[in-house]
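Engineer: Just so you know, the sequences run in chain order A and B.
Note that this note's numbering has the first sequence beginning at 1, numbered continuously upward.
Note that this note's numbering has the second sequence beginning at 352, numbered continuously upward.
The set of hints was computed from the structure by calculation and includes no laboratory data.
The C-beta atom is built at its ideal place from N, Cα and C for all residues, glycine as well.
One or more of the hints may lead you astray.
Said to hold, decoys possible - Sample of chain B residues with no beta-carbon within 12 Å of chain A, all distances over it, derived:
{"id": "1", "residue": "Phe542"}
{"id": "2", "residue": "Lys630"}
{"id": "3", "residue": "Leu823"}
{"id": "4", "residue": "Arg889"}
{"id": "5", "residue": "Asn946"}
Said to hold, decoys possible - To be clear about the criterion: a stretch of chain B counts as covered by chain A if any three or more of its residues have a C-beta under 8 Å from a C-beta of chain A, and this derived list gives those stretches:
{"id": "6", "segment": "581 to 593"}
{"id": "7", "segment": "602 to 615"}
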Amino acid sequence: MTATELGMPGLDGVPTTDVAQTKKEFSSDQEVRWCPGCGDYAVLAAVQGFLPDLGLARENIVFISGIGCAARFPYYMNTYGLHSIHGRAPAIATGLAASRPDLSVWVVTGDGDALSIGGNHLMHALRRNVNMTILLFNNRIYGLTKGQYSPTSEQGKITKSTPMGSLDAPFNPISLALGAEATFVARTIDSDRAHLTSVLHAAAAHRGTSLVEIYQNCNIFNDGAFEILKNRDTREEVLIRLEHGEPVRFGANAEHGIRRNPNTAGLEVCGGDDPAVVVHDAQAPDPSRAFALSRLADPGTLARTPIGIFRQVERPTYGDLMNDQVDQAVATQGPGDLAGLLHGGDTWTVE
Amino acid sequence: MTAKEVRELDRVVIRFAGDSGDGMQLTGDRFTAETASFGNDLSTLPNFPAEIRAPAGTLPGVSSFQLHFADHDILTPGDAPDVLVAMNPAALKANLADLPKGATIIADTAEFTSRALKKVGYTSNPLEDGSLASYKVHAVDLTGMTMKALEPFGLSRKEASRSKNMFALGLLSWMYGRSIDGTVTFLQSKFATKAAIRDANISAVKAGWNYGETTEDFAVSYQIKPAPTPPGTYRNITGNTALSYGLVAASRQSSLPLFLGSYPITPASDILHEMSKHKKFGVRTFQAEDEIAGVGAALGASFGGSLGVTTTSGPGVALKSETVGLAVALELPLIIVDVQRGGPSTGLPTKTEQADLLQAMFGRNSEAPTPIVAPASPADCFEMALEAARIAVTYRTPVFLLSDGYLANGSEPWAIPDVETLPTIDPGFATEPNHHSDDSAEFWPYLRDPQTLARPWAIPGTAGLEHRVGGLEKADGTGNVSYDPTNHDYMVRTRQAKVDGVDVPDLEVDDPTGDARLLVLGWGSTYGPIGAGVRRARRAGHSVAQAHLRYLNPLPANTGEILHRYERVLLPEMNLGQLAMLLRARYLIDIIGYNQVRGLPFKAEELADIIMKEDDQL
Ligand SMILES: Cc1ncc(C[n+]2csc(CCOP(=O)(O)OP(=O)(O)O)c2C)c(N)n1
Ligand code: SF4
Ligand SMILES: [Mg+2]
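Bound-form chain B, shown alone (with noise of 0.2 Å):
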């Protein structure tokens, strides 16, 4: 046998489908592990059903988990896909228009049998009729294959099957010249109780590989060398884990116990899990009754003392938004992490938006100013955390923080921070008296602190500083109850004033050339697409700018400053506009939007062509 041709690339977007129970979101993520250890650089799109288990080999059942790699710096899991591996006719015929002519297609026969063509309305085989004549189509019996590997194992039938994507990932390691020792290292762990699954998955992902090497169906192998990256050590991590993360290492730079509150719901969830793992670092997790619970156990935390926090998504919000209000009114430091997914009402769950935007900012009674910070990728949720954190705790003040499903579950590597270069927060508890007369010394709990307005958090357990605080008005100073016209409108704005006068950092622009008359604006996860159609619009000749938001209450300083300086703004959002309407009535400049709500991050080519199509009407 002669050495097979190996040909390099400089990225690759692959899509593994399949039914929801055939395991492709694990395969995805075992891809991506060797991926990012191999150093290319990285971004990956899940995309799973709400239904656990939709029907067996239905449209709605299929599941899917998109990987773009590179070798060099990379913003978007691409848009189309150049390999997608079909596990069953369902998974082809849910993903085929995504597929560019030309793009190969590795499909798993064994699935493609007459009752399941015609369970997804296929009258004849696809893999046969020629129709799938301007793709490069591997027709490979993957289950088959991969039961005849595991025959000296002693599994049924039914368990033997269950290991074909293993199969699958064995065979497109060996494509891309990935290594598998990091799988055989994880499902030795998995499975390390059960040792039947744990040998059957290690000999299907090697009987994949070796098909791949030995076989005359697959003649190349692409190479695609690491991303030249800076020095640093790296991980691949999604958004919820770097939420997580972020929150634990807020806990840790403020000396404050963490209080996570929270009620399941997708694709918030995951925080939860994850933050119930870390209960070595102090931190104790609650799972409520409702989320109205949650975030009230997380606000009496607070009270308390804790870093208090709650996770959930826009069904959620809507849920604690008296409580907000009622930590506006309070003054206490709070953290509402809401990972955005489609709606109205129960919505997409499992898909991605940014239209709670407005309901941060406003869904509640009255004016209950919160401030708002937006992570702009997967990893920048880590820091996003910090940044909530560091709000909530300065400002004595709830603060949101808007992910969304695609920054959840999306993932890219991460230039792991040295933990000793972090922020500090500091907690400054009240401990004494703050108001001094001739005759005594009081604790007063919203006497302020001029620079910042915050009022003093004196926890319980502290002597002499006992105080009542709650949802009445306050007088301005002593606390007390007050109904007072002049004292409540004088609240009123105070609060507002302090939230305007948070500290944020200059919004920066990008633009390389100094001449671009358009800028593209974003905020949260938009800003890879975003940046990605840049790109092609300035290798297409185009000097375009662009400005990401990171911090949408108070925005930036600068913001005005650099909306006027364009002579147009092009603001594309997963909603109808609502940063527009922000920005339009605060500033007075006409935005451009350009909104879609699918329940998918947007695609750098139709990016790329509205903002060339803006640009070439200045």
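Next comes chain A alone, as it looks inside the complex (with noise of 0.2 Å):
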């Protein structure tokens, strides 16, 4: 069965293996070097333990990171991997993701490789729709140069490089992935192993780029930056899941819900039993709803923070047209001649 059949069409043409694999298979001999406690451990287990489920060959899985803690991740993969620098591996993945089709492309990144040095190769990553895998790392802070805020800091943080409070308001991932015409948008939460599967699962089976935002604890610089959603005393109010079909509620009783707001054109709190409760459609053509959704979340507590799949909708991927375009450029002038290009247009001949 193909991948498409097997409802993964992001992992077209990706060759598949059918011996089992195994976490360990997929963890390389390298010594893994975050802080203790760090969320990146989690995650790095989440993948590790998914990806035999999807029964690629793993030579042909390749993990791309840019610089920062979460970075170092494709050194702990047992998968082809590059470690590049700072804000660039959208780019890179896209020049190898759109040259080779029959790879599964990751990309691991942080807040700040993501959203600050290399806010342009994302914008542009999602856009042209490259057919990979974006795990941005948000822990709303750098942790690799010790504690700065970061472009998804709440304004007024206060940092080693910031004594007397951040001054710019935060970046929502989420809102400009959207606004970046991103066609597959989630938000998972590190410490949630059951969700943050579901999600890379789903992420990886979209064709296209799927953009992850991974809440992720920095244990030594930003400790405690979500409890709110993770305490089992706080999260339910705070929380809101969002699953494709369902009506979007919330609270241990389901005592919220979402619903329109009929004077402006966003969302709004109401009574889970509230009739215009809204049903989330990840695949409404329109990303406007999703977008309201994104807003919900309260940028300084993260009070009202929608989870799972904010968007996932088919458009062609860049890598896919660029071949198609190739292929057609072989079938309908025959292939590359050499000679012929050479000797085009006028010349002369000498005896």
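Since each chain comes alone in its own frame, lean on the hints to assemble the complex.
Structural biologist: Pasting the structure below:
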């Protein structure tokens, strides 16, 4: 069966194996060097744990990262890997993915890597819809450089570089991705293994650029940044789990819901039994609703944070279109003939 | 009517000049194409403003195309025009200073209105006030006659007058005995879907030709015999086209699909344009969001087993530096084409310069050596593109190819090589584990070839060779991240040794009498002007040797020996002495620099003067 028939068009063209794989086979022999307690460990374990389920030939998987704590990720994967330079991983992965449709390409990046120095590349990768999955480890801080505020830090954040508080408003990566024409946009949390795995699955299955924002705890420089979303006592009141086709409700007993605000284009909280509670449609061609969902979260406290898949729509990928043009040129003009090319135009012969 | 006199000449330099909207580049291209097929040797120099449509009729808006053609082998587009075609007062004013006394001026009188004259500061009409008495002036109503010839086509005045460049082309073609058949065919296909414009332009060319034949104003036409050239099939080619073809050839000769990541920038964009036409060769072109993404995508493609190429000019190289450094660390093939232009910063986008040598050589953090090659002429761009690919693939390294604006847009006849004789490039992908111990076989990505010091290139999809590379320092052999001081020192020296050991051909010296005491050295696009200057000096009785470097890093092994062989070394460069600085440091030899950064190639005459002056002092 092809990957498409299995519901995984994103992996179409990538060779598979019938041999059962294990998590261990996906772990490299390199010692993992994140700080003890770092959220990156949980993501690594989840990725190593779920990749065997895809049944892909391990040699056809490539992890490409930029720079940052999270960006060390490829060294720990027993696949092909490229630890590149700060912010540029989406660009490098674009060249690889577009020229090698037989590879499953993964980008690992941080909030600084993806949204600060590499913002331009992220934006354009999403717009082009290059077939790859981008794991954006958002710890709302610069970890590797020891704790400066990042483009996702809440305004007023006190850090080494902002002793009186940061001045700039943060990016909402989901809103940004939706604005950049992304076809797959999701958010998940490092500590929720089941949710993380299901989102990774869907992201891999998607053909095009899948952006997965992963809330990741940096226990050294921004500990507890997502505590409100993780703590049993608080999370039900603030976390909104999006399920395609399901009404958007939250609260321990689903006592809250989300409905359209008739006066604005946005969404607002209502009672869980309000008949106007919206039904989540990740596949809606129009991204407005997904965008409105992404705006629910309070950028400071993270109250009313939706997680799950915001948007999942089909659009031809850059690489497929590029390769189609190559195929079409060969089909209509025949394969390239170098002598013919060199002798094209006006020539003359001296006997 | 009696037949007109035909005079024989050995060479002519023509300059077509007009507004940037007057189609001077096209006119020049067509005259060049006819001249090339006729068999003259030739060399061209387009010169145009950075603005697409600078205000009409102004000096900054003047665009020109110079063509030098001869019955013998020539090296430059010529120092000074013998004939200037001036489509308006601005074109006359901007170019007059370059004309030697006695040169011919053909001017379009229709454009010499009082308004147009005033715009460029003429208080009286130079075509009438006697100020051009020392030139042969043909004041011709090119526009009026074009409109007249096109009357039957029912075009608007504006549309009809647009064909005046074709009228001028027809006239010049008659004067120099060029055929217009090729131009007619060209116009037929260019305007295939616009019948009225096609027919109008064809009529204009023919009208221009017929005018020359019948008018009393032009009593003489000229003949320049074909130049004796070795047998072969030739075409005229610009540097950017030759470079593009060289890249396509490199892809074929290495069996690597080519991936070009690029961001538009003058004067390199035409390579992106050209390459994007060659998809049937498996060429993938990617117009990136910026130069960093262009080189990044090319490097990503290289990681996957493509021939990764990025094309740009100096400002783009500045943006790419960090990624080139990454490629040095990853030790993957990558070609960086820098079509140099005047700088710093945006500088002179459409003018030539060769001041990026040190940027290519050193413009990265830390010790990040890269090989550098530089073509000597437009046609040489083909061979040097192949050479850049050979070095990049063989040694797993980024390679700079330094072209420049003069090579990019200039053209010359090219003896088309037999594709069967082109060298093959073996990518030699790793397919097997390369490190064996008692109980295991592993793949070590930094276990080098002892000969070339190149590391193995194992591409994703190769089972059993999964590995990680990156910008962090690697342990020799295993390629694992290593902070070990001794290892780092070793790796820095080894990367340098690898580049130093790149196999490049010896430097050849042209010293026909064998008794020269002065060596004139050059690199890049100065080859033509230096060669022409050297010829003049020799004709004036000087013994002068010439050598030209096409490999700048590493330098050919015999470079030092050759430099020391001569009493004096003169090095003209279109920068303030960049190669001179490298050679002085490396060989402890005093180099006499001759440096100009005027955005234009050297003139043969000025170089001849300098060469003779230096030789006289010996
Ligand atoms: C060109 C460049 N500029 C700056 C740095 C320093 N630097 C490394 S990582 C980093 C920020 C990383 O933050 P983030 O992407 O959020 O990753 P994290 O460490 O938090 O996982 C910076 C500024 C660099 N490596 N390269
Ligand atoms: S600094 Fe923070 S993000 Fe980096 S490894 Fe330590 S805990 Fe993780
Ligand atoms: Mg971070």
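Engineer: Against chain A, does the segment 581 to 593 of chain B show at least 3 residues with beta-carbon separation below 8 Å?
Structural biologist: holds (count 7)
Engineer: Would you say Asn946 (chain B) is clear of chain A, with no C-beta pair closer than or equal to 12 Å?
Structural biologist: Asn946 (chain B) is indeed farther than 12 Å from all Cβ atoms of chain A, at 35 Å.
Engineer: Mind verifying the non-interface call on Lys630 (chain B)? Its CB should be farther than 12 Å from each CB in chain A.
Structural biologist: Given that some Cβ of chain A is not farther than 12 Å from that of Lys630 (chain B), nearest at about 4 Å, it is violated.
Engineer: How about the segment 602 to 615 of chain B: do at least three of its residues have a C-beta closer than 8 Å to a C-beta of chain A?
Structural biologist: It holds: at least three residues are needed, and the segment 602 to 615 of chain B offers 4 whose Cβ sits within less than 8 Å of chain A.
Engineer: So Leu823 (chain B) supposedly isn't at the interface. Is its beta-carbon more than 12 Å from every beta-carbon in chain A?
Structural biologist: 7 Å, violated
Engineer: Any Cβ of chain A at or closer than 12 Å to Arg889 (chain B), or is the non-interface label fine?
Structural biologist: Answer for Arg889 (chain B): holds, closest chain A Cβ roughly 26 Å.
Engineer: Taking the shortest Cβ-to-Cβ distance between Phe542 (chain B) and chain A, state whether it exceeds 12 Å.
Structural biologist: Its Cβ never comes within 12 Å of chain A, the nearest being 18 Å, so this holds.
Of the numbered hints stated above, those contradicted by the structure are hints 2 and 3, listed in ascending order.
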